[in-house]
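Enquirer: One-letter residues, chain by chain:
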Amino acid sequence: MSHRHLILAYVFTWVVQLGYAGFLTRKWFALRKAQREFPTYLDTVE
Amino acid sequence: MNPHSNGAVRFPAQNGLKTNISFGNILALAWTALTVGLLVQGFRQAMFIAPTEATMGEIYRIFYYHLASAWLTFLFFLISFLASVVYLSARRSNPLRALGADALALASAEMGVVFCTVVLMQGTLWARPVWGIWWTWDERLTTTLLLWLIYSSYLLLRRFAAGPQMQTLAAVLAIFGYADVPIVYFSTRWWRTQHPSPVIGGGPDSGLDPRMWTAVWWNLAAWLAWGILLMTLRYRMERKRQLIEQHAALRALEASLEPVAESGSESGSENGNNGPERGQR
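These protein sequences, in sequence, are chains A and B. 74 is the number of the first residue of the first sequence in the working numbering; add one for each residue after it. 63 is the number of the first residue of the second sequence in the working numbering; add one for each residue after it.
Any given hint could be a false lead.
To be verified - With the C-beta cut set under 7 Å, the calculated list includes, among others, these residues of chain A facing chain B:
{"hint": "1", "residue": "His-78"}
{"hint": "2", "residue": "Ala-103"}
{"hint": "3", "residue": "Lys-106"}
Stated by the list, open to error - So the derived label-pair ranges between C-beta atoms look like this:
{"hint": "4", "chain 1": "A", "residue 1": "Glu-110", "chain 2": "B", "residue 2": "Thr-276", "range": "44 to 54 Å"}
{"hint": "5", "chain 1": "A", "residue 1": "Trp-87", "chain 2": "B", "residue 2": "Trp-93", "range": "27 to 37 Å"}
{"hint": "6", "chain 1": "B", "residue 1": "Glu-307", "chain 2": "A", "residue 2": "Phe-96", "range": "12 to 22 Å"}
As the list claims (entries may be wrong) - Covered by chain A, per the in silico footprint, the following chain B stretches (three or more residues, Cβ under 8 Å):
{"hint": "7", "segment": "123-137"}
{"hint": "8", "segment": "177-188"}
{"hint": "9", "segment": "296-307"}
Please keep in mind that the hints were generated in silico from the structure rather than gathered at the bench. The C-beta atom is built at its ideal place from N, Cα and C for all residues, glycine as well.
Using the sequences and the hints, build the whole thing.
Expert: In structure tokens:
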């Protein structure tokens with residue numbers, strides 16, 4: 074049983090961390106889309 | 063518009079080599095490669111190289127991820143705490159710095175909650191085979207759960223509350239919420255808990271076998287690099303979102319002023335000039 078728990082703990086860690094990374098990636102693309110809608114102001118600022 | 067600015071790489075160029083690859087992108091790629099390398103090495107050390115523990119056997123290998131995640135939870139909540147202090151102190155005198163601090167507070171709090179979630183779940187999965195129970199209302203476990211709840215409520219506040227006071231309220235919550243971190247850390251010293259003694263400064267019966275430290279440091283470095291990578295990405299996204307929000311507010315202001323501007327400069331509209339030029343905003 075202990076081996077199963079060890080594997081589960083490592084798998085769970087990676088699922089949570091990669092899940093958060095995936096959430097950030099989705100958000101990044103949504104922001105890029107929003108940036109395309111307001112390009113002029115952001116171009117003058119950045 | 064520059065006809066060459068269509069996102070393509072120009073090679074060769076008249077004024078030297080010009081590409082869309084910036085120094086920031088190269089740094090991000092190098093940091094990502096370093097992080098992946100560290101994570102692979104950390105996993106290898108924890109699973110295959112570190113010696114097996116005498117009483118618990120293989121299950122103790124959760125420890126290497128568990129300890130790194132716990133320490134990084136404290137670190138990212140500390141960053142959120144400090145950034146919230148900067149936000150509160152600078153929000154009137156230096157709004158630009160305050161906005162940057164607010165973005166950093168949010169990014170680090172999110173990263174802290176992710177690590178805290180991982181710590182709690184690893185703890186329950188470790189407790190079941192070792193203690194025979196999934197959970198106990200032990201002081202260390204309870205205060206850690208409380209910490210998770212406090213910063214989860216911080217994120218919910220930021221997600222669902224609106225209005226100008228939201229950031230101030232969130233900063234206050236982050237500062238007071240951080241008071242739980244020392245309680246979590248010292249809980250195993252102040253009370254007799256089921257949770258093991260601390261690995262550093264925990265007294266004569268605590269501490270680690272010297273052979274275990276190599277895997278501890280590798281995993282700590284690996285998850286620190288991972289945390290910094292995601293936190294930086296989140297910070298940059300939040301800064302971008304702040305800019306877009308400001309732009310939307312400016313557009314709304316422009317729209318409300320348009321009838322006045324049009325009536326005052328009809329001759330300009332006839333020449334195709336429909337509003338202020340880019341540089342005038």
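Enquirer: Count the residues of the segment 123-137 of chain B whose CB lies closer than 8 Å to any CB of chain A, then report whether that count reaches three.
Expert: With 5 residues close enough to chain A, the hint holds.
Enquirer: Next item in the hint list is His-78 of chain A. Is there a CB on chain B closer than 7 Å to its CB?
Expert: holds (5 Å)
Enquirer: For the segment 177-188 of chain B, does the count of residues with a C-beta closer than 8 Å to a C-beta of chain A reach 3?
Expert: holds (count 6)
Enquirer: 12 to 22 Å was suggested as the range; check whether the CB atoms of Glu-307 of chain B and Phe-96 of chain A agree with it.
Expert: With Cβ atoms ~20 Å apart, the hint holds.
Enquirer: For the pair Trp-87 of chain A and Trp-93 of chain B, does the Cβ-Cβ distance stay inside 27 to 37 Å?
Expert: The hinted range 27 to 37 Å is violated for Trp-87 of chain A and Trp-93 of chain B, with Cβ atoms some 19 Å apart.
Enquirer: Please verify that hint: Ala-103 of chain A, Cβ, nearest Cβ of chain B, below 7 Å or not.
Expert: This interface hint is violated because 9 Å lies over the 7 Å limit.
Enquirer: Do three or more residues from the segment 296-307 of chain B put their C-beta atoms closer than 8 Å to C-beta atoms of chain A?
Expert: holds (count 6)
Enquirer: Please check whether Lys-106 of chain A passes as an interface residue: C-beta within 7 Å of a C-beta belonging to chain B.
Expert: Result: violated, 10 Å to nearest chain B Cβ.
Enquirer: Quick one: are Glu-110 of chain A and Thr-276 of chain B within 44 to 54 Å, going by C-beta?
Expert: holds (51 Å)
Taken one by one, the earlier hints fail for this structure at numbers 2, 3, 5, listed in ascending order.
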